[in-house]
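Number of protein chains: 4
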Amino acid sequence: MVIVIQCKDGVGLVAAISSVLANAGFNIVSMREHVDLQESRFFARIVVDKISDPQNIEMAITKVLAPDAVVKVDPLPEKKIVVLVTKEHHCLSDILTRNHFKTLGASVQCVIGNHPDLMSITERFGIPFHLVSHENKSKENYESELMDKILGYMPDYLILAKFMRVLSADFIASFKLKIINIHHSFLPAFTGANPYRQALKRGVKIIGATAHFVTDDLDEGPIITQKTISVNHSFVLADLIKAGRENETAALAKAMQLVFEDRVFVYDNKTVVFE
Amino acid sequence: MVIVIQCKDGVGLVAAISSVLANAGFNIVSMREHVDLQESRFFARIVVDKISDPQNIEMAITKVLAPDAVVKVDPLPEKKIVVLVTKEHHCLSDILTRNHFKTLGASVQCVIGNHPDLMSITERFGIPFHLVSHENKSKENYESELMDKILGYMPDYLILAKFMRVLSADFIASFKLKIINIHHSFLPAFTGANPYRQALKRGVKIIGATAHFVTDDLDEGPIITQKTISVNHSFVLADLIKAGRENETAALAKAMQLVFEDRVFVYDNKTVVFE
Amino acid sequence: MVIVIQCKDGVGLVAAISSVLANAGFNIVSMREHVDLQESRFFARIVVDKISDPQNIEMAITKVLAPDAVVKVDPLPEKKIVVLVTKEHHCLSDILTRNHFKTLGASVQCVIGNHPDLMSITERFGIPFHLVSHENKSKENYESELMDKILGYMPDYLILAKFMRVLSADFIASFKLKIINIHHSFLPAFTGANPYRQALKRGVKIIGATAHFVTDDLDEGPIITQKTISVNHSFVLADLIKAGRENETAALAKAMQLVFEDRVFVYDNKTVVFE
Amino acid sequence: MVIVIQCKDGVGLVAAISSVLANAGFNIVSMREHVDLQESRFFARIVVDKISDPQNIEMAITKVLAPDAVVKVDPLPEKKIVVLVTKEHHCLSDILTRNHFKTLGASVQCVIGNHPDLMSITERFGIPFHLVSHENKSKENYESELMDKILGYMPDYLILAKFMRVLSADFIASFKLKIINIHHSFLPAFTGANPYRQALKRGVKIIGATAHFVTDDLDEGPIITQKTISVNHSFVLADLIKAGRENETAALAKAMQLVFEDRVFVYDNKTVVFE
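Going down the list, the sequences are from chains A, B, C and D. 184 is the number that this note's numbering gives to position 184 of the first sequence; each next residue is one higher, with no gaps. 414 is the number that this note's numbering gives to position 139 of the second sequence; each next residue is one higher, with no gaps. 659 is the number that this note's numbering gives to position 109 of the third sequence; each next residue is one higher, with no gaps. 849 is the number that this note's numbering gives to position 24 of the fourth sequence; each next residue is one higher, with no gaps.
Keep in mind that the hints were calculated from the coordinates and are not lab data. Don't be surprised by glycine CBs; every beta carbon is placed ideally from N, CA and C. Among the hints, a few may not be true.
[To be verified] Sample of chain D residues with no beta-carbon within 10 Å of chain B, all distances over it, derived:
#  : residue
1  : P892
2  : L901
3  : K904
4  : H915
5  : D919
6  : F926
7  : I946
8  : P953
9  : N961
10 : L1025
11 : F1060
12 : D1087
[Unchecked claim] Covered by chain B, per the in silico footprint, the following chain C stretches (three or more residues, Cβ under 8 Å):
#  : stretch
13 : 552-563
14 : 600-608
15 : 656-667
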């Protein structure tokens, strides 16, 4: 069972929390604690040896902490996710394969596309695919339809697996720190469209990808993980894009694993990641 | 101040230890705890916010733990090291440069060589160099002379920076888990002499280096860190050796940093490393 | 169009070959040449700007070289492959996905398993799956049945994607340097069964995987590519295996790309790889 | 002996060049050729088996090519370099050590600083150090003094090893594509001052460094190599800077090796690098 805690820092927090656990007979098999001294902020991830009575433990820990504390006791059931896509398949294929063989750490409830291109691959894996087109609709209507579909599945996280629509602030607010995006660049370089074309023109030797939580500041949400890959003069645009896609797939897979295992905390638009 | 603890596992250890610290008014700014469930072994590294009264804290923590517990409260003075070398300069040069600019995390007391080749580079940095030749001496006499020189400096660690003599079990026992060696291979591949020649013949695409504590089982001590580097068909033997040396230098530098920062625990011929 | 040449080295080979191409009106857009001076062996890979008349070019180049020369002019149609599997899915899933989206650089003709476990995933992608069981058969009969199935597809390469049977020297001789295997270790370390168990016991900090051509010297064929991945004390056996599988998948994918793009030459049980 | 050629592309260039070499009795032991099809630009690097008569070979090759061709036959003597520094030692220390042990591929003629901080380390290695202060001088006078010092050594390349002055367009024009700089960022991210502070605030998980030729467009010259290094939430500013410095040192060392071995071509503000 995993316990994650974020709160204002102070003397004695580890003692208070671990005493609750010891009194309840839990053995701590792995623990990470970090204090951001500048922000006076406390973060902890604790793994205990058995799964038992999560709600009561959560309450008992909350009681010994200040009122601002966020405590989550996760008995580690699989997370439920909904995947949003457009036309590019590379991240989705990887997610479907991991889901199929139970190595994703989450269970894909459905895939929703604003184009039908990825319906076939999704259904090959026995996962429902919903086409929610944005065409000939106001943004409001589109997002309302999208929201309805999503809420029917009650997912823990939304994964934007090369989903090419910009979501409104209202929509994002409904899934605060629950939307994970893969950005086709090493942020903050090449933030705009066509980063690969820009990278080609600049003659860079490394390209990157960034997985981050979505906030209403486009491409500026808290970074979960970044990966880079070497390129060289022999890469034409198509090669850069191919290499970039492999890298995006790997970065998103890593970010999902970290989040689904409750290893990622957000504060002040940054993350604390206990790898 | 850093506190490291190793002992038999049990329920309540984190609570017991952190209560001692809370009562003494310390704030835990970073903590890593790991239990080896198979061995029922507890490891913790705790960083607290101030340096104060290390002996008393050590005693107080020891008192709440079982008698087998090893507790070390390290007020983080620089470690003192003695470096043993033969003829190859690459690791020594790196150590001397880091030492000169105070980024080593340790203070080089002296360099001891069984050949005079590295006297000049050592003295350029104002560090004493002692020539202790092994020639025309019994192993016993050689090691006794070596030991005398070393003990005069009371080092925390001995660094074998491409030191090409095999040390006796007795000598090693005098510095138990205090001797760090860099092995010119990705252990356990190519354990013998001339690993680069073997790697060339086998046509490998990656070569490695292993930094480990020295035990009397040659090249079989607990591994601290390993690094690899890509090679290809265009590498002749001299190129492999050059690439290998860069890699050895990096691996030893990393291992020293981990050890000097009290991040490495040894148990059952393996290490727990809190990076 | 790609032209690959291997022959005994001598003065004037590049001039002779490139003159043939210039006279035929080809522009060389990329060229790699390497001489193994110790073996006096010449290797070249030439990419020209158009696809035209491969047989005649092959003959024309062969004519200007010594009789031992091996010249192959590849108009770069997709290679055809047959994939052999047992029970583990990770490499096969990756191959099927890449095949489905045309990024494999080869076309999967069929998958043959000695167990039925991977039939479902294969058929989801519309690829034929043949069960050729080894049970209750002599090795000779098993391999003869396997051979019949394979020959029906006339593949350019056989991919052993975690195929856990040892093939006979005769079988291998029928597909000389046409069988690619992924070995679950950083060869030559941990060559036996259960490399992950061995790695765990030894406490290594890096694990590797090796993709190689199969020769009748088990696990000793020419290495195409190797990859490594970092691990640490927190990995139990299942974690090591999971990390190892991701690494195996990546290593095999890379090796296939190199081979399918005619970038790999073999000589003296080693490879020359023009990446 | 290394031969490098850059010119407008056309059919028959490899044949023409290699015929000159074959007629002169040279054996090509390694060759890389690349055509930028978009720019119709030809690049080749040829290694031949002996060192002989470079000027005549250079003339003979030039004669068979169009007038725009740039041909350089380099008998591979060590390059001569002058190193410019300010106060930070990490790149300089690495250069001095490599120079001392003859693994730099170049010979350091002198070090010039605009501050005296690095005089001591330089002189420990027996290399002349010149203090050319920029204080109380016009930029023109400062650069003129700098130029005089440099020209006395007739270097092949100037290395800016954390040299913190911006050079004028005129100065740079005097050393066209002969000045190598290390930039403390993964260009084009964080181009300004204090990239580490920006990286900390943004919470990035990777930081980079870029080695590039200096042109009068500040930080926008052709990129030679880039390296990245992983960081995490536990890094305070000093840790980021320390990690960044290790990375800068490695990137500059790699770039120098590539340039000194005549592996780098520049065209259209980008590089072709034959690694």
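Going down the list of hints, with the structure as the test:
Taking the minimum C-beta to C-beta distance to chain B, about 33 Å, the non-interface status of P892 of chain D holds against the 10 Å cut. For L901 of chain D, the shortest C-beta to C-beta distance to chain B comes to about 15 Å, beyond the 10 Å cut-off, and the non-interface label holds. The claim that K904 of chain D is not at the interface with chain B holds, since no C-beta of that chain comes within 10 Å of its own (minimum 18 Å). Chain B draws H915 of chain D into its interface by the beta-carbon criterion, the shortest separation being 8 Å against a cut-off of 10 Å.
Non-interface status of D919 of chain D relative to chain B is broken: a Cβ of that chain comes within 10 Å, the nearest being about 8 Å off. With a minimum CB-CB distance of about 6 Å to chain B, F926 of chain D fails to clear the 10 Å threshold, and the non-interface call is violated. At the 10 Å boundary, the C-beta of I946 of chain D falls inside the reach of chain B, the nearest C-beta of that chain being 7 Å off. In this structure P953 of chain D is separated from chain B by more than 10 Å, as the shortest Cβ-Cβ distance comes to about 15 Å.
With a least beta-carbon separation of about 29 Å from chain B, N961 of chain D lies farther than 10 Å from that chain, consistent with its non-interface assignment. For L1025 of chain D, the shortest C-beta to C-beta distance to chain B comes to about 17 Å, beyond the 10 Å cut-off, and the non-interface label holds. In this structure F1060 of chain D is separated from chain B by more than 10 Å, as the shortest Cβ-Cβ distance comes to about 12 Å. No beta-carbon of chain B is positioned within 10 Å of the beta-carbon of D1087 of chain D; the least distance is around 15 Å.
Under a criterion of three residues with beta carbons nearer than 8 Å to beta carbons of chain B, the stated coverage of the stretch 552-563 of chain C fails, only 0 such residues being counted. Check result for the stretch 600-608 of chain C against chain B: violated, 0 residues qualifying (beta carbon to beta carbon below 8 Å, three or more required). Here the stretch 656-667 of chain C counts 0 residues with a CB under 8 Å from a CB of chain B, which misses the bar of 3, and the coverage is violated.
Violated hints, in rising order: 4, 5, 6, 7, 13, 14, 15; the structure is consistent with all others.
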